[in-house]
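If you read the sequences in order, they're chains A and B. 175 is the number that the working numbering gives to position 175 of the first sequence; each next residue is one higher, with no gaps. Quick note, the working numbering runs 320 ahead of the 1-based positions in the second sequence.
Derived by calculation from the structure, the hints in this document are not laboratory data. Check the hints yourself; a few may be wrong.
To be verified - Listed next, with one range per pair, are the computed distances between beta-carbon atoms:
| hint | chain 1 | residue 1 | chain 2 | residue 2 | range |
| --- | --- | --- | --- | --- | --- |
| 1 | A | LYS319 | B | GLY372 | 25 to 33 Å |
| 2 | B | GLY372 | A | GLY123 | 29 to 37 Å |
| 3 | A | GLY121 | B | ARG505 | 16 to 24 Å |
| 4 | B | ALA340 | A | ASP224 | 45 to 53 Å |
| 5 | B | PRO552 | A | VAL166 | 47 to 55 Å |
| 6 | B | SER546 | A | MET1 | 43 to 51 Å |
| 7 | B | PRO549 | A | ALA213 | 34 to 42 Å |
Claimed, not checked - A few chain A residues that face chain B, going by a derived Cβ cut-off under 10 Å, partial list only:
| hint | residue |
| --- | --- |
| 8 | ALA60 |
| 9 | VAL64 |
| 10 | GLU66 |
| 11 | THR97 |
| 12 | THR135 |
| 13 | THR137 |
| 14 | ARG318 |
Claimed, not checked - Rough simulated footprint, nothing fancy, chain A against chain B, three-plus residues with beta-carbon under 8 Å:
| hint | stretch |
| --- | --- |
| 15 | 395-404 |
| 16 | 426-438 |
| 17 | 488-502 |
| 18 | 531-538 |
| 19 | 566-575 |
Quantities reported herein were computed from a predicted structural model and do not represent experimental measurements. The beta-carbon is built from N, C-alpha and C at its ideal position, and this holds for glycine as well.
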Amino acid sequence: MAEVLVLAERTDGVLRKATLELLTIARRLGEPAAVVCGAADESTIGVLGEHGATRVYVVADPAVDEHLVVPKVDALVAAVRRAQPAAVLVTSGAEGTEVAARTAVRLDSGIVTGAVDVTSGDGGPLVTQSVFSGTWTAQAQVVRGTPVITVRPNAVPPETAPAQPVVETLDPELTRASPGARVTRRAPKDRTGRPDLVDAAVVVAGGRGMGSAEAFGVVEELADVLGGAVAASRAATDLGWYGHEFQVGQTGKTVAPQLYVAGGISGAIQHRAGMQGSRTIVAINQDPKAPIFGIADFGVVGDVHAVLPALVTEVGKRKA
Amino acid sequence: MKIIVPVKYVPEPTARWRYADDLTLDRAQVDGRLSELDEYAVEQAVLLVENGLDATITYLTMGPAKAADALRKALAMGGDDAVHVSDEALHGSDALATSLVLARAIERIGFDLVVCGMSSTDAEMSVVPAMLAERLGVPQVTFAGALAVGDGTVTIRRDGETATEEVVADLPAVVSVTDQTGEARYPSFKAIMAGKKKPVTTWTLADLGVEAFEVGLSGAATAVRSAAPLPPRQAGTVVVDEGDAAARVADFLVARKLL
């Protein structure tokens, strides 16, 4: 059976949950194999094996991380040439999508982005996409080259399928100085201790109806008591109430958590495009005509300043 | 210095979109416009020049005759001239083919800086800037929230969840900008009239040395097999808060095993 390559991503040395989801999808399509950029310690190899990777390609050259995107393309293309895989899976996201895009050009292979599901099909993987701002669903296939597929986080729950991976080191020529974009300054943000927005199982979001930056305090409290991430609508980020890196919607992040709580968000189409794939939606809004109620599984017409704090207390009580 | 801004003519976001019989987005039935996310790229290019950068701005689009409207809108906002790649054979082109045609056109125009929007508002793939950079053999700095050009480099600021980064690349380079770069201007009547007088050149595939079999539906490396509108999400229970809403939400979460 042909291998299916998964581009592994790590945050502070720990594999992202989204990578484990890709391995789960890869098992439907062939033999899962991971590509690791940078040195791979025992724990990385161990977790990849636990989730079904039968082979791990390691590109250990530290230069793989010195520049953005391009060296990872070099690494991934080298792994594709070595493995001749049935498909390449990459997590959707700023860098992942660009690595996939450049890889597709280099291989002259078709690319399908933003998969919400991938299944085995006649003539190659069948990719399900949510299109037209999430109002349509489409099935697409790659018909030329090695299929390159980017998959949204939370498309499937990660499953364990223990394997003993064979570790193979690759040493491709990496593009160094030029054409390189380099990070010249990096101002880390305070760690919130919350999960990454796109990976989170629970997302609590605030919108214009929150009324102020201070009011996001209770959004954070609810996120924390539910173990979730905080998000905001574009209206709220444009008003400076919350960082726009937490914006959900067409020009922000697309999320699909188990639970999405929308506080003071009316639910314009641009916002819905980023969250209507959520499993369960709870909405609290003053305006009974707000479009968010049309897609919410449970809606409360009421004052967010009263309902959200009460919900923090109520959830806290029931968890105790 | 030469700045090129690739722009896309897309269906109005408020229109009712559907697939045509050949499983491409039906563009004939709906009004179109310059993609809102490309307006930010136009604005940033125009601002660079207004703020003293010695550069010309050329807009580039590929698409049917009506796509020229997108170029006219951009030219009304500022800039010098535009190129419209128009060819029957382009219908149904995928991202690979689109990037091939745009890259050939960009090479032919000549460039120091390519400024793109972060994504189209129709296909929403966000892959063309990276593909252009790959084909042109230059660096890419994408999802810029702010950008500056000087000393043969382009510098951007990018806001991530864990850090704010400053990223620098040598020119020539490809940049993409987000909606955080600032409101796009609304052209005055006078600017619209001036825009109508700016030169727009039309090229066919033959002008770019691209063969018809490399593009369009038949040249696509991807194929849509089926498409259907999603059944609208069913509205669930809606209650009016009478002081008990928090408890009722918690009950609901317990029933759904979310708590």
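* Violated hints - listed by number, lowest first -> 1, 2, 3, 6, 8, 9, 10, 15, 16 and 18
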